[in-house]
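Trainee: The chain contents come next:
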Amino acid sequence: MSLDQLYQQIILDHSKVRHGSGLAGIAAPAGAFTGQSRQLNPVCGDEVTLRVAVEGGKVAQISWDGEGCSISMASASVLSELAEGMTVDELRAVIGTFREVLRSRGKVHADPEILGDAAAFEGVARYAARVKCAMISWVAAEDALNQAT
Amino acid sequence: MALVSTPATLERAVPAMDNAEVLRIRNDFPVLGQLVNGQPLVYLDSGATSQNPLSVIEAEQEFYEQRNAAVHRGAHYLAVEATEVFEDARQTIADFIGADYAETVWTSNATEGLNLISYALSNASLWAAQGRGDGRLKELGVGPGDQIVVTEMEHHANLIPWQELAFRTGATLRYIPIDDAGALRMDRAAEILGQKTKVLAFTHASNVLGTINPVQELVALGRRAGALVVLDACQSAPHLPLNVKELDVDFAVFSGHKMLAPTGIGVLYGKQDILDVLPPFLTGGSMITTVTMDRAEYLPAPQRFEAGTQRISQAVALAAAANYLTETGLDRVHRWESELGQRMVAGLESIPGIRVLGPTAGHERIGLAAFHVDGVHAHDVGQFLDSRGIAVRVGHHCAQPLHRRLGLTATTRASAYLYNTTDDVDAFLEAVAGVRSYFRV
Ligand SMILES: Cc1ncc(COP(=O)(O)O)c(C=O)c1O
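Protein chains in written order, with my numbering: chain A, 1 to 149; chain B, 1 to 441.
Extracted from the complex, chain B is given alone in its bound form (with noise of 0.2 Å):
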């Protein structure tokens, strides 16, 4: 019989983390350690965008006192080291999540990373049209009577490009349901899926419901379809091991900046044949290799989805972050936000009159929960819990038809990462059993 590790046998090789741990943790993270309207802060909106630790500071100042220069460019000295930071980064990325080198594209942010998928598609037809670039360009590309497929529970970021795909090139856009628990309806699933789809977009994870979907039920689905499957991993890379190549989606996209690095750095992975024959997205240079009056040739990935200047001193404070993360094990810190998203749960559903959205105890959630609070509008709960230090997000977290499909209009999310500890959870609980008595409801 092989040898696998089960989560059991992986429990006892490496310690879980515990609150000590975390103390230690938020040591490195300055901007933790303050008062907010004299209390201390209580960070849980780390689903919108997460604090740096200084490891990611310091990488990026050490960039621009010591290697600052544009990438790809010039002979001189600095141009070198920053090409070879740059390089290095992407590197680190790729191992990150499991792909090569040449897969692992930069882009500011997620959103741009699904705005390039969707408009390469959407070229991949023009040229298709046009006899240019490569014979596969014709079964790639999007055109009308296909399919695109997207879930109800999208992020706007992973549904608008797809909406507007469907607008330039005449395809439909379908929607795989929710049951009212948040998951997914795979029966559902299976039957809209089907030879016309061209594309299945969907989120590895919630950012309102925290439901992880069933990737792999998804990507054979996709396989059966002949789709090219794209994962929206913004709420799953950052906190949990991931491996695109093990999953075997076709495209993945992330936000650095939900990962405990700055904003303007994203990765977009795509499989090496299809990046290497689809059109670019932005065009410009950098990545062409010849340019006539009237024409250009491009490059092969990842430059040839790079235009213009990149944003390197990001990129390289991204490998930090992804070192940091590394470093504390992903799997250590699933568990722990696992646990802190399941206490969050437990002691919402145990206040009267909050709604919680998505999976109830008991059944697996990331680390955060959105709710709703009866008779107080999102806003209100989210200033009152702001006047006790404790930071959330409030609103329809970008998810307005997953909020119409529910029946809110906002609701308020507290989102946790590895430098959150039980106390957090509790205080923010603790707060929110007082919200509507204060104001009285």
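So that you can see chain A by itself, here it is in the shape it has in the complex (with noise of 0.2 Å):
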């Protein structure tokens, strides 16, 4: 497999770009229930701060902090914009969705139909090592959903 299957292009634009980065500069919406988590790589320091809002059984926000290499930073920006409109329920499943293709070593094919810009994170399942950089933000959004429901 090639490093560009890796580093695709929306992963790149993603790792500079990051949609939902800035916890401090980002409201969550007034009413709404959040809950907040923090993940570290212990491996790499690599290091997120996830909050999600939910707002009438939808996730009205996610906006995050973090440090890390170009497939970390991208996975969060990608939920984020994925994630927003979404019902608590979609947003699990998705989630769910989203691990099982990146634990499969490349044996899952990621749907684009479900997973958005994050099914190019396929093919970061073929590199064992960096499944965990893809899998933090994931993580510390599930654990920040079910501090908010």
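Do not rely on the hints blindly, as some may be mistaken.
Stated by the list, open to error - Non-contacting residues of chain A with respect to chain B, defined by C-beta distances greater than 10 Å in every case (computed):
no.: 1; residue: G68
no.: 2; residue: T87
no.: 3; residue: R99
no.: 4; residue: I114
What the hints assert, rightly or not - These stretches of chain A come out as covered by chain B in the derived footprint (C-beta under 8 Å, 3 or more residues):
no.: 5; stretch: 37-45
no.: 6; stretch: 125-137
Just so you know, the hints here were simulated from the structure itself, not pulled from any lab data. Quick reminder that beta carbons are idealized off the backbone N, C-alpha and C, glycines included.
Build the complex: two chains, separate frames, hints provided.
Mentor: Dropping the structure here:
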């Protein structure tokens, strides 16, 4: 597999222009239930703190701060763009699908209908050492959702 | 006038290593001959773990094919054979570092050696408090109000055991700072080390900065303070001539897997008079004289610190590795690797957007270089290099406090050994030069 299949253009773009990035600058909507989760990857020191705001059973907003490689940063950006407007159950299901693809070592293909831009991370599944990078913000979202609901 | 061999006369006496010799050396290392991602493997991660030559692999295999048995017990033929090669290996390693046989203790790695020292020192105060053991334990033990001194550049292995020793005993941990070029602030060291300092622990060579620390000056400061001096020789014992007696340290540790041997074996050196009175860390079989229902008496060093069935084949393999290095000549290896280190740093410095940690080109460093690429995370740098068959380490290299001190979380590190050519370094530099454009920064 070539490096370009790992570092797809979508991933490189999201790693630079990061959707939802900046916890301090983005206020959660008033009246929303919020949950926040901080996840660390002790191997490389990557770090994501992600907040989910839930309003009327829907994800009103995801915002996050983080530091890490292009895969982890792009993944958080794609997630926050994708999740907004989903119902809590929809987001939980998408997180489950994303995890299944990433843990499949390349055996399960990503369906862009379900995963949107996150389907671009399919290639990461073949790089065992990078799966955690792609997962870190999704794990944070799952944890934050549990707190907010 | 006494005849001393200066580096210049040495150079004339022993031919320096060159690429042709390295290419011959590489034939001894089967793992290096492979393709990775369709490209010849360029292995520049020996600072993390090194590769094994055939002589080492064969020594371990021969042990299992011909001599495998538990040592120091049983009177049968194999047990005698196994004990003999095991103890011969100890003598080989003792000679390798200029120690005496009984001062050379097997551990699983440097980390275990450092934990052993730290636990033995807190056990020393426990024993002293109950009047157990030698009278000297009272001064050796660490207690409330005492100081343990380390440096800002330590690997976690030479840091956390001391944090925990401080926690167990009520002692305080203090740090000798580094300057921006990655050198220890010796002026500060002189201020920090005082009468309360019980332990001074520092690395001989930094696994991140590449700096070689002034051991003699530090030992002198330690002696003046009456502290025990612990040397982390992980990045020096495999790469340069090391003589623990000449350096006059009280303890030294290193790991076999970083010096051409398998994992699972390491060495602790300790001065005989200290080892013989220190309480053990791990207790159990093979390290006792007599055991009653409620108490045991312990053997002197080295057995005192070798509880349980030992890592015999690994010790034998480590001796084979030491022989390999001695035959090549560690002074020659050191000079070759210094050259590779300089080549790395000079090359990296000429690439825009690269910040090299530690000494700049032209200043002494071992054969490694850690660096930051502006705008590209170390993980991505490592992945890019891997796609070109180049193996480097990424992350904090088990030195988080050092990275924080330098304002970084993760860096990329290339580290060479005697089997690397200048072509390896050049391939690495060429690849690094392409990183930022690949990631479009
Ligand atoms: C300077 C230094 N100290 C200690 C260690 C720990 O060695 P080990 O993990 O083999 O115990 C290392 C290895 O990474 C090192 O480079």
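Trainee: Using C-beta distances, would you say chain B covers the stretch 37-45 of chain A, given that this needs three or more residues below 8 Å?
Mentor: holds (count 3)
Trainee: Mind verifying the non-interface call on A:G68? Its CB should be farther than 10 Å from each CB in chain B.
Mentor: Incorrect as stated: the minimum Cβ-Cβ distance to chain B is 6 Å, not above 10 Å.
Trainee: Quick check: do three or more residues in the stretch 125-137 of chain A have a beta carbon closer than 8 Å to a beta carbon of chain B?
Mentor: As far as the stretch 125-137 of chain A goes, the hint holds, because 3 residues have Cβ atoms under 8 Å from chain B.
Trainee: Just want to verify: A:R99 was marked as not at the interface with chain B; is every Cβ pair farther apart than 10 Å?
Mentor: Non-interface label on A:R99 holds, nearest chain B Cβ at 20 Å vs cutoff 10 Å.
Trainee: Going by Cβ atoms, does A:I114 stay more than 10 Å from chain B at every point?
Mentor: At roughly 27 Å from the nearest Cβ of chain B, A:I114 sits farther out than 10 Å, so the non-interface label holds.
Trainee: Over 10 Å to the closest beta carbon of chain B is the bar; see if A:T87 clears it.
Mentor: holds, 34 Å
When the structure is compared with the earlier hints, a violation turns up for hint 1 alone.
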